[in-house]
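A.B. asks: Next come the chains, spelled out residue by residue.
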Amino acid sequence: MKPASFEYHVPDSIDQALELMHEHADEAKILAGGQSLVPAMNFRVVQPSMLIDLNRIKELEYVRENGECLRIGAMTRERILEFDPLIAKRSPLLQEAAPNIAHPQIRNRGTIGGSIVNADPAAELPVLMIALNARLRAGNTSGERWIEAKDFFVGMFTTALEPDEILLEIEVPFIQPRMGWSFMEVAPRAGDYALMGVAAQVTLDEVGKCTQAKLVYLNAGDGPVDAKSAAQMLVGEAIHDELIDSVANMAGDREINPFGNVHTSIEFQRHLAKVLTKKTLKQAIERAGGNQ
Amino acid sequence: MTQRISITVTVNGKEFKRDVEPRLLLSDFLRHELGLTGTHVGCEHGVCGACTILFNGESMRSCLIFAVQADGQEIVTVEGLAVDQDHLHPIQQSFWEAHGLQCGYCTPGILMTLVPFLKQNPNPTEHEIRHALSGNLCRCTGYQHIVDAVKLAAEKMR
Numbered sequence: 045m046k047p048a049s050f051e052y053h054v055p056d057s058i059d060q061a062l063e064l065m066h067e068h069a070d071e072a073k074i075l076a077g078g079q080s081l082v083p084a085m086n087f088r089v090v091q092p093s094m095l096i097d098l099n100r101i102k103e104l105e106y107v108r109e110n111g112e113c114l115r116i117g118a119m120t121r122e123r124i125l126e127f128d129p130l131i132a133k134r135s136p137l138l139q140e141a142a143p144n145i146a147h148p149q150i151r152n153r154g155t156i157g158g159s160i161v162n163a164d165p166a167a168e169l170p171v172l173m174i175a176l177n178a179r180l181r182a183g184n185t186s187g188e189r190w191i192e193a194k195d196f197f198v199g200m201f202t203t204a205l206e207p208d209e210i211l212l213e214i215e216v217p218f219i220q221p222r223m224g225w226s227f228m229e230v231a232p233r234a235g236d237y238a239l240m241g242v243a244a245q246v247t248l249d250e251v252g253k254c255t256q257a258k259l260v261y262l263n264a265g266d267g268p269v270d271a272k273s274a275a276q277m278l279v280g281e282a283i284h285d286e287l288i289d290s291v292a293n294m295a296g297d298r299e300i301n302p303f304g305n306v307h308t309s310i311e312f313q314r315h316l317a318k319v320l321t322k323k324t325l326k327q328a329i330e331r332a333g334g335n336q
Numbered sequence: 336m337t338q339r340i341s342i343t344v345t346v347n348g349k350e351f352k353r354d355v356e357p358r359l360l361l362s363d364f365l366r367h368e369l370g371l372t373g374t375h376v377g378c379e380h381g382v383c384g385a386c387t388i389l390f391n392g393e394s395m396r397s398c399l400i401f402a403v404q405a406d407g408q409e410i411v412t413v414e415g416l417a418v419d420q421d422h423l424h425p426i427q428q429s430f431w432e433a434h435g436l437q438c439g440y441c442t443p444g445i446l447m448t449l450v451p452f453l454k455q456n457p458n459p460t461e462h463e464i465r466h467a468l469s470g471n472l473c474r475c476t477g478y479q480h481i482v483d484a485v486k487l488a489a490e491k492m493r
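Chains as they are written, first to last, in this note's numbering: chain R, 45 to 336; chain V, 336 to 493.
Among the hints, erroneous ones may be present.
To be verified - Rough simulated footprint, nothing fancy, chain V against chain R, three-plus residues with beta-carbon under 8 Å:
1) 95-104
2) 149-163
3) 182-196
4) 228-235
As the list claims (entries may be wrong) - One side only, chain V facing chain R, incomplete, derived with CB under 8 Å:
5) Thr337
6) Gln338
7) Glu356
8) Gly377
9) Glu379
10) Thr387
11) Ser394
12) Met395
13) Arg396
14) Leu399
15) Ile400
16) Val403
17) His466
18) Ser469
Don't read these hints as lab results, they were simulated from the structure.
Glycine residues also receive a C-beta, built at the ideal position from the N, C-alpha and C atoms.
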């Protein structure tokens with residue numbers, strides 16, 4: 045099908061975009077990469093009467109260092125995550141996960157900010173934002189604010205953004221020494237939506253005890269699922285296989301809440317979550333310098 | 336009143352000026368406004384890859400971009416690959432020689448995916464080739480001859 049008609053605006057600057065959103069927040073939708081919005085419009089699942097296209101705003105496309113964090117402009121293409129040397133050095137988890145986001149043709153156009161604001165529970169970037177303790181900078185004509193990733197995703201396809209706010213930037217803390225990471229997902233075919241996926245991050249102290257752990261799941265609930273109880277079981281412990289098994293069971297049986305779909309039963313999603321938890325944890329521990 | 340926007344787009348090295356409705360997809364612009372019907376339309380939601388084109392040198396889905404967004408940009412379609420009928424692009428020539436197609440519907444999208452892929456990765460493994468092709472659906476071939484054609488193209492282009 046073809047999209048319904050809409051009014052089109054293409055601002056050249058952030059200020060112009062914020063001004064347009066201030067005037068038209070009720071009717072307008074932001075067009076970022078359009079890799080989720082345009083299919084939905086082609087099917088007429090959504091029919092916005094106005095689009096505000098951010099693709100001309102070059103000041104929203106960058107990756108740079110700021111103190112102990114990476115700052116990434118909201119209109120930076122997903123493809124950049126795979127190849128940018130700063131990302132590789134400062135956030136290897138982002139780099140590792142990026143090739144799992146749809147296909148290269150989609151990542152060439154799709155933006156980091158667009159995927160985050162779309163808040164699809166099956167998408168990779170919202171999960172990564174939580175796993176990395178990212179902060180998100182949003183603005184409207186009255187000013188700007190930082191939102192913690194854990195407060196940003198409030199439900200299925202729903203974020204903490206006000207109707208007139210635009211996501212401008214994400215901030216990701218640098219990876220630290222003795223911190224290990226891993227991202228894995230299972231999809232029917234490369235580039236498809238994953239049936240289940242996990243981002244894991246662990247920090248070990250000098251004697252190999254875990255000081256911090258994070259396990260976040262995609263397609264496991266109505267948003268990114270942060271399995272805090274499972275991760276907490278690791279903290280203060282010298283991690284061993286039996287503990288990893290218990291952590292995987294806690295996350296897979298208790299903390300995630302998958303819905304199942306035409307490709308998978310809920311039971312299979314729970315099974316995948318457990319398998320992926322074990323695999324990602326072992327890889328993350330190894331990368332953190334542990335002995336697993 | 337329907338909004339119409341004047342755009343200037345460079346397609347296969349030639350500049351085109353048209354007035355378009357904002358909702359016109361780039362894929363339909365290429366086919367219906369410019370008559371470049373080599374860009375095929377399959378699913379219109381970014382899954383099949385038949386409409387893949389080069390947008391400022393990078394492979395993208397033309398069904399997921401509005402024509403107005405191509406204003407001032409550079410597009411290459413499958414029609415822009417061969418010098419003329421007797422001098423095909425090495426990737427096209429390889430598809431011919433290795434029989435990398437049956438009905439041909441998916442072929443233009445696959446070719447446009449492969450141009451930047453082989454530029455970035457001139458010596459791909461079979462696994463890399465299959466991964467690169469994962470965003471393009473072919474329902475005839477079973478992919479085997481397509482993979483052979485890509486290997487042949489990589490050889491020709493090295």
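A.B. asks: Hints first: check each against the structure and report whether it holds.
C.D. replies: Structure-based check of all given hints:
With 3 residues bearing a CB less than 8 Å from a CB of chain V, the segment 95-104 of chain R meets the requirement of three and the coverage assertion stands. With a cut-off of 8 Å between beta carbons, the segment 149-163 of chain R has 4 residues touching chain V; three or more are needed, and the interface restraint holds. Here's how the segment 182-196 of chain R fares: 0 of its residues keep a CB closer than 8 Å to some CB of chain V, so the rule of at least three is not met and the hint is violated. For the segment 228-235 of chain R, the proposed coverage by chain V is satisfied: 3 residues have a C-beta within less than 8 Å of a C-beta in that chain, meeting the threshold of three.
Below 8 Å, beta-carbon pairs count as interface contacts, and Thr337(V) has one with chain R at about 6 Å; its hint therefore holds. A least Cβ separation of about 6 Å between Gln338(V) and chain R falls short of the 8 Å threshold, and the interface hint therefore holds. Using the Cβ-Cβ criterion of 8 Å, the hint placing Glu356(V) at the interface with chain R is satisfied: the shortest such distance is roughly 7 Å. Checking Gly377(V) against chain R by beta carbon gives a least distance of about 12 Å; that is not within 8 Å, so the hint is violated.
Against a cut-off of 8 Å between C-beta atoms, the interface hint on Glu379(V) holds, since the closest Cβ of chain R lies about 5 Å away. A least Cβ separation of about 6 Å between Thr387(V) and chain R falls short of the 8 Å threshold, and the interface hint therefore holds. Because the beta carbon of Ser394(V) sits about 5 Å from the nearest beta carbon in chain R, less than 8 Å, this interface hint is met. Of the supplied interface hints, the one on Met395(V) holds, with its beta-carbon coming within about 5 Å of a beta-carbon of chain R, less than 8 Å.
A cut of 8 Å between beta carbons decides the hint on Arg396(V): the least distance to chain R is about 6 Å, and the hint holds. Because the closest C-beta pair between Leu399(V) and chain R is about 4 Å apart, less than 8 Å, the hint holds. For the restraint placing Ile400(V) at the interface with chain R, the shortest Cβ-Cβ distance is roughly 7 Å, inside the 8 Å limit, so the hint holds. Against a cut-off of 8 Å between C-beta atoms, the interface hint on Val403(V) holds, since the closest Cβ of chain R lies about 6 Å away.
Using the Cβ-Cβ criterion of 8 Å, the hint placing His466(V) at the interface with chain R is satisfied: the shortest such distance is roughly 6 Å. Interface hint status for Ser469(V): upheld, as the beta-carbon distance to the closest one in chain R is roughly 4 Å, under 8 Å.
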